[in-house]
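S.K.: Residue-level listing of the chains:
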Amino acid sequence: MTAAKTLKIGFGIVVIAALIIVPMNFNRYGLFILSQWAVMTIAAMGLNLTLGYAGQVSLAQGAFVGIGAYTAAIMTSSGLPLIGALGVAIVLCFAIGWILGYPALRVQHHYLAFVTLAFSTLAFLVFRNEDWLTKGIYGISNIPRPEIFGYPTRRPLPFYYVCLGSLGIVSLAVWWLIRSPWGRAFIALRENPVRALSLGIDTRRYTLMAFAIGSALGGVAGTLYAPLTQYVDPVPFHLSLSLDLLMMVIVGGSGFFFGPFLGAMIAVLLPEWLRFTQGYYLMLYAIAVILLLIYSPTGILGILDRYISERRTKAASALRAVAKAKLETAP
Amino acid sequence: MKPVFLASALLATVLTGAAIAQSGAPIKLANVAELSGGGATVGTNWKNGIDLAIEEINSKGGVLGRKLEVTHADSQSNPGVARAQVQKALDAEPYVLLGPGYSGSVKVTAPLAAEAGIAQIMGGEAAELTTTGNKFLFRTSFGQQSSMPKVAKYINDELKAKSVAIVWVNNDFGKGGRDSISKEFAKYNIKVAADLSTEAGQADFAADVSKIKAAAPDAVFVYVNEEESARILKELKRQGITVPLVGETTLVGQKVVELAGDAANGARGHVGLTTDAPVELIKAFRDKFVKKYNYVPDHNGLKGWLAIYMIKATTEKMGKVDSKGFADALHGFTITAAKEPGILMDATFDANGDIDRQGFLVEIVEGKQVVKQVLPKLGN
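Chains as they are written, first to last, in my numbering: chain A, 1 to 331; chain B, 332 to 711.
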């Protein structure tokens, strides 16, 4: 058991070290894609909290990334620091997420998906039509990249570290959250809301909380997205981003901590790897995702989970067989 | 003696081989365009135009004896993806960068190309693209700042309209056109009777047209994509609106005529680039394109084709393949169709990368595009 734990920790350290060291000699394109992966992972982690842990289907995560991105774009373009924008985006997305959570108290599953879908469209229309604030369809260009402790991050490598560092902080926070009583309450909510309620969990508050925290993480991702592409316009935050994020969570393994990491990897990196097939890359990508979900509806980590639990069952039944044999042969 | 002779012969072969390889190595171009997503028609036309031009040039021996080679990357019509792909393209140090076509994607990628010092020939038409002082960005078509004044002048001088209804598609293309023409209308004291924003892909224009009917303008300015143009033309006819319908390339194109049938008759507009232009070279281009791809290209197909011939003419003017000097050489350069037939019509590029060339005012008469007026180049 301890050996397995050391192995896990060792593996984790190797992966983190690789994420820090290997990209040092990447070109700008590689760094951009990796940064994109980090940003999308943060957004998917938020959705994983809402969907994977608390069981609330949301098609509005892309809209929250948009809200975060526009907050960052508007504030940093007028000279305010990115960290301030981050604070505003978190508070704003948390508050809107909380309010959006109210329908979740009344409707479930695909009905809830429709409510959030409506919100997603609403957000898009606001981004596009409120010219005075968002510059409408023209978008906001030349978004500056921040200085972190007086160190400029205009170059691709430093900004990749900003994204990676943010991903690290968010991961730790979410890790802590899902192991806290809150996280357990979220899971209880997903597994059996009635029982959770009868055990004294305030399901109403936790549903809203799951929505709000998940949305706030979308906002965090958005505040990084704006300085990453240095341009925001309404189109990328349309429904397709929400669907993409939903796919990342499901493909990675909804309800698994590492699900979003893998899911974002598939969604961001796989199409890039497949680009050598020219016109076919999106088709191949779609087929790969379909096959994966047919093979394992619980995502990539679902395969691993199944394998581990099968081994455990096998080991346990072997033990049982031994014990039974002992009992039978006992005098 | 013999070995020495052999060695020197070998050396000579290797050296000449190397020299040939150096001068004969293909010139690498990189194209990043909207091959999927909302702009797929734009990007695919653009790409096919590029491929067609390269094929033709290579079959005639290339540029300065070197073949052209292009890589195509899909931006998925998303500025974020466009940025990644342009970065990838620039990392490979192409001679010239081609695309994208969407103005938003151009905005996010232009600073990258400028930083790398590589010229970017793109398809975007938004007015502001060439106003930022970027010395590496070039248009392949009129920006809205040069096409809209011509339309407004026509509406004022020829149609003598005092009030106009504007129908535009709410994306960066439509909004840019609407903003430019509104400014021009203000100069002529033309009243905007109705200002109707529509969606890309909109199917039903009944509500918009009844608003136009209620506003009773002297003319209607329609600035939406081809398919939507056809739909609104049909609806305008159905509701019996008879005032002049004026637009741009997207209102009077061949595709609109095919889709709208009778309803397209009487529609008129300013066209910078059209495959229906009464120019022999353009007709020849169109035939070549149809032969290869089995469909009539829109103006984006022409733009892609022209981008490649801009590269050819500029490189031949420089007499060498010099990526750094390319932008300087193209600024202020006039490419004449007499010298370079591939350019189709004489074109001049100014210091901002804007293009100046002939334009046409056309009207649809009995399902055919008829050129009513040829608008000369400004700097003649």
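No lab work stands behind these hints, which were simulated from the structure alone. Honestly, I wouldn't trust all of these hints.
Straight-line alpha carbon distances no greater than 27 Å define the calculated BS3-like cross-link-like pairs of lysine-lysine that follow [claimed, not checked]:
| # | chain 1 | residue 1 | chain 2 | residue 2 |
| --- | --- | --- | --- | --- |
| 1 | B | K708 | B | K466 |
| 2 | B | K614 | B | K651 |
| 3 | B | K391 | B | K614 |
| 4 | A | K135 | B | K514 |
| 5 | A | K135 | B | K522 |
| 6 | B | K544 | B | K522 |
| 7 | B | K648 | B | K622 |
| 8 | B | K466 | A | K135 |
| 9 | B | K493 | B | K466 |
| 10 | B | K391 | B | K481 |
| 11 | B | K614 | B | K466 |
| 12 | B | K518 | A | K135 |
Label-pair restraints from in silico Cβ distances [claimed, not checked]:
| # | chain 1 | residue 1 | chain 2 | residue 2 | range |
| --- | --- | --- | --- | --- | --- |
| 13 | A | F114 | B | T573 | 42 to 48 Å |
| 14 | B | A371 | A | A17 | 37 to 43 Å |
| 15 | A | I99 | B | G663 | 44 to 50 Å |
| 16 | A | I303 | B | E386 | 45 to 51 Å |
| 17 | B | E386 | A | Y102 | 58 to 64 Å |
| 18 | A | T121 | B | A615 | 18 to 24 Å |
| 19 | B | T573 | A | H110 | 34 to 40 Å |
| 20 | B | D535 | A | F26 | 22 to 28 Å |
| 21 | B | K703 | A | L239 | 40 to 46 Å |
| 22 | B | T573 | A | I99 | 47 to 53 Å |
Facing chain B, according to a computed beta carbon distance under 10 Å, are these residues of chain A, among others [claimed, not checked]:
| # | residue |
| --- | --- |
| 23 | I33 |
| 24 | Y111 |
| 25 | F114 |
| 26 | P144 |
| 27 | E147 |
| 28 | Y151 |
| 29 | T153 |
| 30 | L228 |
| 31 | T229 |
| 32 | Y231 |
| 33 | P236 |
| 34 | L243 |
| 35 | L282 |
Note that the Cβ used here is the ideal one computed from N, Cα and C, for glycine as well.
S.K.: For K648(B) and K622(B), compute the direct alpha-carbon distance and say whether it is at most 27 Å.
M.R.: It is violated: about 31 Å lies between the C-alpha atoms, which goes past 27 Å.
S.K.: How does the Cβ-Cβ distance of I99(A) and G663(B) compare with 44 to 50 Å: does it lie in that range?
M.R.: violated (57 Å)
S.K.: Using Cβ atoms only, decide whether I33(A) comes closer than 10 Å to chain B, and label the hint accordingly.
M.R.: holds (6 Å)
S.K.: Can the hint on L282(A) be confirmed by a CB-to-CB distance to chain B that is less than 10 Å?
M.R.: holds (6 Å)
S.K.: Measure nothing beyond the straight line between the CA atoms of K614(B) and K651(B); if it is 27 Å or shorter, mark the hint as holding.
M.R.: violated (31 Å)
S.K.: Quick check on F114(A) please, does its C-beta sit within 10 Å of some C-beta on chain B?
M.R.: Where the cut-off is 10 Å and the nearest Cβ of chain B is about 20 Å from F114(A), the hint is violated.
S.K.: For the hint 58 to 64 Å, verify it against the beta carbon of E386(B) and that of Y102(A).
M.R.: holds (60 Å)
S.K.: Could you say whether the range 37 to 43 Å given as a hint is met by the Cβ separation of A371(B) and A17(A)?
M.R.: holds (41 Å)
S.K.: Kindly confirm whether 22 to 28 Å is satisfied by the beta carbon distance between D535(B) and F26(A).
M.R.: violated (49 Å)
S.K.: Quick check on Y151(A) please, does its C-beta sit within 10 Å of some C-beta on chain B?
M.R.: Violated, because the Cβ-Cβ distance from Y151(A) to chain B comes to roughly 20 Å (cut-off 10 Å).
S.K.: Using the nearest Cβ pair, does P144(A) come within less than 10 Å of chain B?
M.R.: With a minimum Cβ separation of about 12 Å from chain B (threshold 10 Å), the hint on P144(A) is violated.
S.K.: Would the hint linking K391(B) and K614(B) be met if the CA-CA limit is 27 Å?
M.R.: Holds - the C-alpha atoms of K614(B) and K391(B) are around 20 Å apart, at most 27 Å.
Hint check: violations occur at hints 2, 7, 9, 10, 11, 15, 18, 19, 20, 24, 25, 26, 27, 28, 29 and 34; the rest are consistent with the structure.
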